[in-house]
Every structure is written in structure tokens, then in C-alpha cells.
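Participant: Single-letter residue listing:
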Amino acid sequence: MCLAVPGKIISIESDDPIMRTGRVDFSGVVREINLAYVPEAQIGEYVIVHAGFALNIVDEEEAQKILESLAEISELDEETEA
Amino acid sequence: MKFIDEYRNTEAINHLTRQIAKLVTRPWSIMEVCGGQTHAIMRFGIDRILPETITLLHGPGCPVCVTPLELIDTAIELAGNKDIIFCSFGDMLRVPGSVKDLLSVKAEGGDVRICYSPLDALKIAIANKSKQVVFFAVGFETTAPANGMAVYQAAKLGIENFSILSAQVLIPPAIELLLSSPQNKIDGFLAPGHVCTVTGYHHYEPIAQKYHAPIVVTGFEPVDILQGIYQVIAQLEQGRAIVENAYARVVQRDGNPQAQKIINDVFTVVDRKWRGFGMIKQSGYSLSERYQIYDAGNRFKLSDKVVEESTECISGLILQGLKKPMECPAFGIRCTPEKPLGATMVSSEGACAAYYRYKNAE
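Taken in sequence, the protein lines are chains A and B.
Note that the numbering used here gives residue 35 to position 35 of the first sequence, counting from 1, and the numbers run on in steps of one.
Note that the numbering used here gives residue 1114 to position 114 of the second sequence, counting from 1, and the numbers run on in steps of one.
If we strip away everything but chain A, and leave its shape as in the complex, we get:
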């Protein structure tokens, strides 16, 4: 029920603060999404979407952090195990 999926904004149609909508691409499936809750979101950015609403912009830097820390520790793992 609380499923929310990341998608990429490919266009922004209306800039009315409440009706702000855009087309969001979820791996090829494009839907019209309400962007009122992410007023600063720009075309090309990824947003997390639930029930037709973007709830937040996906923070690429934060997304990278966990993956990088995992990659680093993985390398350490291999060195100690080798």
C-alpha cells in the first residue's frame, strides 16, 4: 500500500502551485504525476511517487553514499579474506 517508486521527470506541464503536474517516466511507463509537493523539482530529476503524487526528489548524492560505503567495505572484505 505504501509502495512508492522512483521515476524521472520528463516534462512539467503546469506551474500552478497546487495543480503543478508533470510527466514521469517509470522505466518506459509514463504517467501524469502531481508535483505540488516538490515545487523545486526540475526536468531530469528523479522523484519518489505514491498514488499519483511525487513525495520527494531522490537525492542522488545520498543514494551514492550507501552504495560507495558498501563497495569500499566489500573491497576490504576481499582483502582480509584473500
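I should point out that these hints are in silico values taken from the structure, not numbers from a laboratory.
Please note that a few of the clues may not be correct.
What the hints assert, rightly or not - With a Cα cut of at most 20 Å, we get these calculated PhoX-like pairs of lysine-lysine:
#1 B:Lys1156 - B:Lys1261
#2 B:Lys1002 - A:Lys8
#3 B:Lys1106 - B:Lys1339
#4 B:Lys1185 - B:Lys1323
#5 B:Lys1002 - A:Lys65
#6 B:Lys1082 - B:Lys1129
Could you slot chain B onto chain A? The hints should help.
Facilitator: Okay, now just chain B, sitting in the frame of chain A:
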């Protein structure tokens, strides 16, 4: 898909699993609150790769499951009204009421429509002025911005033939209820990532402190869930109990202020009955005074509902982490997703339904 595939990476999963195994020195019970996380844990077999000393308990975080039977019956009554177009998220249609479900109302000729967003229901209202349109506003805090905006827009645009049947519930009061129980077996929590996207996680800080239970905000992919478990275990092993955020790519401490503004305008916090739990204080949203005219419960004359739950169903104990689905004698025999006896079997995100789907083959 970006932001999904990399969080299902086998190497990262194996690595985190090894780290957790290195860290753990004694048995711990961790509850994932959100049904979406329960589903992911079963789907990816995360419970099977963890050390045996770690028990995952599955919490009450499935709004479909905890919607009380009398509210389902009310939805069915409204959907059977010839003047009403009844709109709902798809996962409510097969939830059985006392006599039938919304899908059978549709089969009998009721105008029941599945909506992806509550705004779709608003569009239906605009296009069908001679009918009343009711949206079944089920959900946790994640869904409140969508349900709230539909009502806000209806008021702004003067759409008078639109209303909602609110079944909105809130997570922190349920966590607090679980932790304050004398029977509590939960050592730490994975907090629901998408709920926190909306609300932030500062509401959880006093709870972690008061009950000395670590709470880690966690996402929904295998790497996210294992990272959440890793951080909870690390805190437990060190005797710490704070709120940490393991889902920083979409969650900030204060949540989404624009969404909270609409929620605070449209809704007011009320006591709410949860299926399998009973009444929980201050655990739901009703429409605020200003938006009362959009409440389907006020707009339509509804019959009083008296319901009887199955006496055999132990979903209340499962939702509290006191029993596992397999411990129920009715599981998979007299209780299946097709013929559910209670809360945890009615939706695919319920613990029993997830066990039935992914564990029955074992």
C-alpha cells in the same frame, strides 16, 4: 531501473549479511512496521539469510489489513447505492466484508471503479455531475498527501458531488502501543521509509528514548532492509537507542513541509479502531471541521454496523509480534488469501498473506 537495481545487487546483499553475522552476539527481535517491507522480506527471502538469532516480526503497517470490518461494510453499502460511483485503490476490492466484497458489488452492477490516485476520483466527479462520487481514502501517512489534496482541490474548485470515506491511520501511536505492552518482545524497529518521507522522523525520537528501542528509518529494497537491520543490531549490541535514517535518499528529518501543510489543513487527528488491535488513541485522520462536508459518513445516511470477527483468527497477536502466521492452526487450511479469516490474510502485504505466497512452497 535506476535507484532500484543497485539496491538488489547480490554482492551488496551478501556483504551486508556477513557484516550482520559478524556483529550479532545474542538473540534480537526486530519488527518491520510496514507491510511493504514485510512483502519485500518474504519475496527476497531476507529472513532466511539472516543469522538464526535474529527474529523478524511483522508489524501492523498494512492499511488494507487494519481497516475495520465495519468500515469495509460501510464501503460496500455506499458502493451498492445506485446514485454513487464508488472509487477505491485496487487492493481494497477483494477485502471481504461481513457478507461480500466490493468486487461482488461491482459484479452485481454497482459502479465501483479502481483509481491509481484520488485525483482520478475527483476527475470522475467532474465528469459525472449527476452522480455522487465517493473515494475510499485508505492509507497511512504516505497516502494522506494524496487523499488530502483531492479534498483540498474539490473545495477549491467547488466540486460538490465528491466526498471521501476516511480510513487514514497513523504509525507512531501503533508503535507506542506495541512498546508499552507488558508482553512486548520487540527490541528494535525498522521505521517505514515512505511514511517518513511525508512526516519526517522526529516524531519517533521521543519513542526511541522513552522505551529505549532503536528505530531505523528503512527503505524497501533488499539492500535498504539489510542496512536497516544492520544499524538496528549495531545499536542493540552497543546498548544505544536512537532514531537513525538509513533511507536518506528520500527521507529528511522534517519530512515534506508542503505535504504536511495540506494534511494539517484538511485533516484532524482522531482516535481510530484498527482491525486486529481495537481502538488506538489519536491514531487516525478525519476531515477537519472546515472540510466536514466532504465526509461521506456525514453526507449519506448509513445503517449502524454490527460485525463479528472470526474467533479463530489470531491476527491481533501476529500484528503485535507475539505469534507467527505458521503458529495459527487455521493458516493455509481454513484461512487463505481467497477466503481470509482476518486482518493479516486480507491483503498481499499482510504477514499471513506474504507467508502464504512465499513460504508455502518450502
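Participant: Does each hint fit the structure? Answer for all of them.
Facilitator: How the hints compare with the structure:
For the hint pairing Lys1156 (chain B) with Lys1261 (chain B), the CA-to-CA distance comes to about 15 Å; that is within 20 Å, so the pair holds. Distance check on the hinted pair: Lys1002 (chain B) and Lys8 (chain A) sit about 9 Å apart at the alpha-carbon level, within 20 Å; holds. A threshold of 20 Å between alpha carbons decides the hint, and for Lys1106 (chain B) with Lys1339 (chain B) the separation of about 19 Å falls inside it, so the pair holds. Taken as a hint, the Lys1185 (chain B) and Lys1323 (chain B) pair is honoured in the structure, with Cα atoms around 10 Å apart against an allowance of 20 Å.
For the suggested pair Lys1002 (chain B) and Lys65 (chain A), the alpha carbons sit about 15 Å apart, so the restraint of at most 20 Å is met. Between Lys1082 (chain B) and Lys1129 (chain B) the alpha-carbon distance is near 14 Å, which keeps this suggested pair within the 20 Å criterion.
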